[in-house]
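Chemist: Residues per chain are reported as follows:
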Amino acid sequence: MSVDVAELSSRSRVHYLNESYGVKSWLLTTDHKRIALLYLVSITFMFLVGAAAAALMRIQLLEPNGAIVQPETYNKLFSIHGIIMVFFFLIPSIPAVLGNFLVPMMIGARDVAFPKLNLLSWYIYVVGSLFTLYCVIFGGVDTGWTFYTPFSSTYSNTHVLAAALGIFITGFSSILTGLNFIVTIHRMRAPGMTWFRLPLFIWSIYATSVIFVLGTPVLAITLVLLTLERVLHVGIFDPALGGDPLLFQDLFWFYSHPAVYIMVLPAMGVVSELVAAYSRKRIYGYSFVAFSSLSIAFISFLVWGHHMFVSGQSIYAGLVFSFMSFLVAIPSAIKVFNWTATLYKGSISYDAPMLYALGFIGLFTMGGLTGLFLASLATDVHLNGTYFIVAHFHYIMVGGAVMGFMGGIHFWWPKITGRLYPDKWARLAALIIFAGFNLTFFPQFMLGYLGMPRRYAVYPAQFQVLNVMSTAGATILGIGYMIPLIYLIWSIRYGPAAGPNPWRAKGLEWQTPSPPPKENFDETPIVTEEAYAYATSPPERPRA
Amino acid sequence: MNGVAIRASAHLLSAALFPLRPPVASTIARSVDHLYFALTGVTLLFTFLIFAFIFYFMIKYRRRSEDEIPQEVKTSTALEITWTLIPTLICAGLFIWASSLYFKDSRPPIGSTEIFVVGKQWMWQLQHPEGPREIDQLHVPVGVPIKLTMTSQDVIHDFYIPAFRIKKDVLPGRYSSIWFQATKVGEYNFYCAQYCGAEHSAMLGKVFVMRQSDYAKWLAEQSNGVSMAQAGERLFAQLGCATCHAAPTGGKYPGLAGVYGHPVKLSDGRTVVADDAYIRNAIANPGSDLMAGYAPSMPSFQGQINEEQLLDLIAYIKSLGAQESQATAQ
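Sequence lines, in order, name chains C and G.
Per our numbering, the first sequence runs over residues 1 to 544.
Per our numbering, the second sequence runs over residues 1 to 330.
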């Protein structure tokens, strides 16, 4: 009976989901929460396209001679997979979905600083995606997501321009989103919300936004130069035209290494929120965790050369970049230790979001430590360009960023939709994803050490057993991702009403009804305490 | 006894399913592996510690009642400093180890045997100075340092021999080099490790490490009597280089005897050593690094000769260094 009352109240109450209806009310909305949902639908679609490409790749690699497609097609599959997953899923995932939904609510604001610009960012993202989908449907691109010259500028005869243009356009969406968050966090905090009372999610989104604004223009310039060379044959990168191919790599990685932190920093922010909420503790070493986000953002701009240790870069440059790469490991380690220490003497529950958060900590630890193999000059020479690299960055990107995204979606889903999902299914899915992930990518570390180069459509038979294991893991991982897709959609209609704070978590977003009203808060909140003040003012048991 | 059994079964398992480590067949392979094992140790140790703490805390501090609110734990600055310093020290140690290993082996020993590598979509051409040319195969003697000088005819490739733990990008328009000294007779795979287009995964081959006497025999059998320098000399005549550059040049054009490996003064005041890269550039883009005192009258040969021919010409010019350097001095 009690559920029915809550159900009734959530239906009768006016909130951001039911305050207006119709396609127009969504496509012309300036509400950050609705824009977050527009992003959620678009990036999920792109994720499915990228995942389909990955599935075909893993089937291909079941057999040394290639099970299903020609090498040309395989090359297009891994290019599309990389381009879509990096630029159209991972980069916008947490910032554009959870960031959009949560940044104003967490700081006690009604919206972001520039709501119309926020909607524009989404449209820019959609236009960029359309170019990329055009490229996928009408023949594909075969340069890899890295677009190395002179292959991409002179030799490839696939849709390089459409793909580059798609990424170029989407870049502006990132820049505008980053700008919006920076201004919002500086200018729109509620009374009493000082910098050191901010949830750590905000610190990590702030650090990410700085990278968006500083890094993305370099990528845009690089792609323009690539286009100039490809279309007008201006010699920039191709030595046959008087250019320098390493210049492209320098420019590309100057953006694309920080981009790795664009993908993982927000996930770290999510994990801080989850660990605090499910152990009912203030994050241990709050200011150390906050400043480690900023130092990661800063150092991330100084490590790009570690992608180029075997490229012919000077060995002295190699030395400096190796040093900086070791340095970036330290703030990452500090975060891991502080999250773990937060559990100490906590009150830990194992809800699905917490399983994702703990999975993140474990997998990110492995991903980070295997990064040391690649920061080390002598071992990088052997491992660079092999499956070891593929395994390492998937531990960071999938084990880290995607785990963080899944954890975040599960944590805030009741806030976003006002509904609860079936907890048992959610926990089962989290475990399946964890197992499938490890079976997919751990064998790839071994493949890399054995010397299997990445981006091979066919391969020597000695590598088959490990490849079959990896494909088996990918199958499990794929099933793991399908389960949440089903029960989350199911919960929108059939899930029980969540109430304002089903997890009894701290944070302004939990003090407003679920789903929140259009203006987020009925009255502007006044902040009188630090973040995660569980010990001093614990949230009450949700009233039935 | 137990250890032997475990090792034997591990061996059987890896032989049945997949090898656990690539062949160890060069002078540096073992030391790279030692670093790799140390890194693996650090990774396993920290991963184990983090997982152990997480599991321990999860069980010990599991929520016992819905209304349980734990006490606050104050952040200890001493602890923060400790766990900042420990990874810093470990990282510093690994950095020094890895960098010194890399630096020690970054330059080929003087007197290494030189072999030339040209990558092109999608094959490897390997050229021995004595004349033999190979495609997707490389025969080398065991126990002798070998320097590979490499370039690409088109896009960026990468020459990778896992058994030797070496790899280097092969770029168009410039020479890169790596070296190795094989320690075990046998056959080892090499791969292209930089994505280069449609048939990238077919751009691989085999290194044949031979006993030194076998290698000498192989060279003699394969040789058609024309060394790279001799092939270069023919080209020098065919392409008309001799018209201007054959000694004596009369001072209007630079003579080539004794140039290789020596400093040359450029018209913009710089002095550079006339190495492979300089000579390659002087043929492909003659106007760019002009020698002081000469007019920019030479046509570019870019696009008219391929990378193998460029290497032959360089070998020829190099051979002029020894035999005629006295003649120029007079």
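Accuracy of the hints is not assured; some may be wrong.
To give an idea of the interface, some chain C residues facing chain G are shown, with a C-beta separation under 8 Å as derived from the structure [as the list claims (entries may be wrong)]:
| hint | residue |
| --- | --- |
| 1 | Lys281 |
| 2 | Phe323 |
| 3 | Met324 |
| 4 | Val336 |
| 5 | Leu358 |
| 6 | Trp425 |
| 7 | Ala461 |
Hints were generated in silico from the structure; no laboratory data involved.
Just so it is clear, CB atoms sit at the ideal spot from N, CA and C, and this is done for glycine as well.
Chemist: Compare the structure with the hints numbered earlier in the document and write down the numbers of the violated ones, lowest to highest.
Modeler: 3, 6, 7
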